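Undergrad: Use the sequences and the hints to build the structure in full.
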Amino acid sequence: MQCETVKEENKITSEMSAWQDSATELLTASSDFDRMIEGLVIVVHKADDLRLRTLKKMVDMLTARQAVEFLVAAAELQYGVRLWGRNIDRPRVAV
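Every number in our numbering is 10 more than the matching position in the sequence shown, counting from 1.
Hints were generated in silico from the structure; no laboratory data involved.
Among the clues, some could well be false.
[Claimed, not checked] 27 angstroms max Cα-Cα, derived DSSO-like pairs, lysine-lysine: (1) K56 to K67; (2) K66 to K17; (3) K17 to K56; (4) K67 to K21; (5) K21 to K56; (6) K66 to K56; (7) K17 to K67; (8) K66 to K21.
[Unchecked claim] The following label-pair restraints were derived from C-beta to C-beta distances: (9) I47 to K21: 18 to 28 angstroms; (10) Y89 to A57: 34 to 44 angstroms; (11) M68 to I22: 30 to 40 angstroms; (12) V16 to A83: 21 to 31 angstroms; (13) K56 to T34: 17 to 27 angstroms; (14) T73 to T23: 27 to 37 angstroms; (15) T34 to A74: 47 to 57 angstroms; (16) E79 to S32: 38 to 48 angstroms; (17) R100 to S24: 33 to 43 angstroms; (18) D70 to E48: 27 to 37 angstroms; (19) M68 to I47: 28 to 38 angstroms.
Here the structure is a predicted model, which means the values were calculated and not measured.
Think of the CB as a built atom: it goes at the ideal place given N, C-alpha and C, for glycine as much as any other residue.
TA: In C-alpha coordinates, the structure reads:
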(Lines of atoms letter the chains of each structure in order from A and count residues from 1; the text may use other names and numbers.)
(Lines give C-alpha, C1' and ligand atoms only; values in the text may rest on other atoms or scores of the structure.)
Protein backbone atom coordinates (compact mmCIF):
# COMPACT_ATOMS: atom_id res chain seq x y z
CA MET A 1 0.00 0.00 0.00
CA GLN A 2 2.81 2.41 0.86
CA CYS A 3 4.61 1.89 -2.46
CA GLU A 4 1.39 2.35 -4.41
CA THR A 5 0.56 5.52 -2.48
CA VAL A 6 4.06 6.95 -2.97
CA LYS A 7 3.87 6.31 -6.72
CA GLU A 8 0.56 8.14 -6.93
CA GLU A 9 1.88 10.97 -4.72
CA ASN A 10 4.85 11.37 -7.06
CA LYS A 11 2.55 11.49 -10.09
CA ILE A 12 0.36 14.14 -8.45
CA THR A 13 3.46 16.10 -7.40
CA SER A 14 4.66 16.07 -11.01
CA GLU A 15 1.28 17.28 -12.21
CA MET A 16 1.30 20.06 -9.61
CA SER A 17 4.80 21.07 -10.65
CA ALA A 18 3.72 21.21 -14.29
CA TRP A 19 0.74 23.34 -13.30
CA GLN A 20 2.98 25.71 -11.34
CA ASP A 21 5.31 26.05 -14.31
CA SER A 22 2.42 26.90 -16.60
CA ALA A 23 0.94 29.25 -13.98
CA THR A 24 4.06 31.41 -14.18
CA GLU A 25 2.98 32.18 -17.73
CA LEU A 26 0.14 34.17 -16.18
CA LEU A 27 2.73 36.53 -14.76
CA THR A 28 4.67 36.90 -17.99
CA ALA A 29 1.98 36.78 -20.65
CA SER A 30 -1.75 36.85 -20.96
CA SER A 31 -2.91 33.29 -20.86
CA ASP A 32 -6.18 31.44 -20.48
CA PHE A 33 -6.81 31.92 -16.76
CA ASP A 34 -9.90 29.70 -16.67
CA ARG A 35 -7.97 26.82 -18.24
CA MET A 36 -5.22 27.24 -15.66
CA ILE A 37 -7.69 27.13 -12.77
CA GLU A 38 -9.39 24.05 -14.22
CA GLY A 39 -6.00 22.33 -14.29
CA LEU A 40 -5.41 23.17 -10.64
CA VAL A 41 -8.87 21.89 -9.69
CA ILE A 42 -8.13 18.57 -11.42
CA VAL A 43 -4.83 18.14 -9.55
CA VAL A 44 -6.44 19.01 -6.21
CA HIS A 45 -9.26 16.52 -6.83
CA LYS A 46 -6.72 13.80 -7.64
CA ALA A 47 -4.86 14.52 -4.40
CA ASP A 48 -8.11 14.47 -2.40
CA ASP A 49 -9.09 11.17 -4.01
CA LEU A 50 -5.70 9.64 -3.17
CA ARG A 51 -6.01 10.78 0.46
CA LEU A 52 -9.49 9.29 0.74
CA ARG A 53 -8.52 5.97 -0.86
CA THR A 54 -5.45 5.71 1.38
CA LEU A 55 -7.52 6.46 4.47
CA LYS A 56 -10.09 3.81 3.51
CA LYS A 57 -7.37 1.20 2.95
CA MET A 58 -5.80 2.00 6.31
CA VAL A 59 -9.10 1.77 8.15
CA ASP A 60 -9.88 -1.54 6.41
CA MET A 61 -6.63 -3.01 7.78
CA LEU A 62 -7.43 -2.02 11.37
CA THR A 63 -9.77 -3.58 13.88
CA ALA A 64 -12.93 -1.62 14.63
CA ARG A 65 -11.45 -0.28 17.87
CA GLN A 66 -8.16 0.69 16.19
CA ALA A 67 -10.06 2.39 13.36
CA VAL A 68 -12.09 4.47 15.82
CA GLU A 69 -8.98 5.44 17.79
CA PHE A 70 -7.16 6.35 14.57
CA LEU A 71 -10.03 8.47 13.23
CA VAL A 72 -10.45 10.27 16.56
CA ALA A 73 -6.71 11.01 16.68
CA ALA A 74 -6.77 12.23 13.06
CA ALA A 75 -9.73 14.52 13.80
CA GLU A 76 -8.00 15.90 16.90
CA LEU A 77 -4.84 16.54 14.87
CA GLN A 78 -6.77 18.33 12.14
CA TYR A 79 -8.61 20.45 14.69
CA GLY A 80 -5.34 21.33 16.45
CA VAL A 81 -3.66 22.32 13.18
CA ARG A 82 -6.64 24.53 12.28
CA LEU A 83 -6.51 26.28 15.66
CA TRP A 84 -2.77 26.77 15.33
CA GLY A 85 -3.25 28.21 11.83
CA ARG A 86 -5.91 30.61 13.03
CA ASN A 87 -3.68 31.80 15.86
CA ILE A 88 -0.81 32.34 13.43
CA ASP A 89 -3.01 34.21 10.93
CA ARG A 90 -4.82 36.37 13.49
CA PRO A 91 -1.91 38.82 14.04
CA ARG A 92 -1.44 39.19 10.27
CA VAL A 93 -5.08 40.10 9.72
CA ALA A 94 -4.99 42.70 12.50
CA VAL A 95 -2.13 44.59 10.82
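Undergrad: Could one say that the CB atoms of R100 and S24 fall in the range 33 to 43 angstroms?
TA: Since the Cβ atoms of R100 and S24 sit about 36 angstroms apart, the hinted range of 33 to 43 angstroms holds.
Undergrad: Mind checking the hinted window 28 to 38 angstroms against the Cβ distance between M68 and I47?
TA: For I47 against M68, whose Cβ atoms are near 32 angstroms apart, the range 28 to 38 angstroms holds.
Undergrad: V16 and A83, beta-carbon distance inside 21 to 31 angstroms?
TA: Holds, at about 22 angstroms.
Undergrad: Is it true that M68 and I22 lie within 30 to 40 angstroms of each other by Cβ?
TA: violated (18 angstroms)
Undergrad: Would you check the hint for K66 and K17, treating anything up to 27 angstroms between C-alpha atoms as holding?
TA: Distance ~17 angstroms between K66 and K17 Cα, so the pair holds.
Undergrad: Is the straight-line distance between the alpha-carbon of K17 and that of K56 27 angstroms or less?
TA: holds (13 angstroms)
Undergrad: When you take the CB atoms of T73 and T23, is the distance between them in 27 to 37 angstroms?
TA: For T23 against T73, whose Cβ atoms are near 33 angstroms apart, the range 27 to 37 angstroms holds.
Undergrad: Can the restraint linking K17 and K67 be considered satisfied, given a maximum Cα separation of 27 angstroms?
TA: holds (16 angstroms)
Undergrad: For the pair T34 and A74, does the Cβ-Cβ distance stay inside 47 to 57 angstroms?
TA: holds (48 angstroms)
Undergrad: Hinted pair, alpha-carbon criterion (27 angstroms max): K66, K21. Please report holds or violated.
TA: holds (20 angstroms)
Undergrad: Does the Cβ pair Y89, A57 satisfy 34 to 44 angstroms?
TA: violated (21 angstroms)
Undergrad: Return holds or violated for the Cβ distance of E79 and S32 against the range 38 to 48 angstroms.
TA: holds (43 angstroms)
Checked against the numbered hints above, the structure breaks hints 10 and 11 and satisfies the rest.
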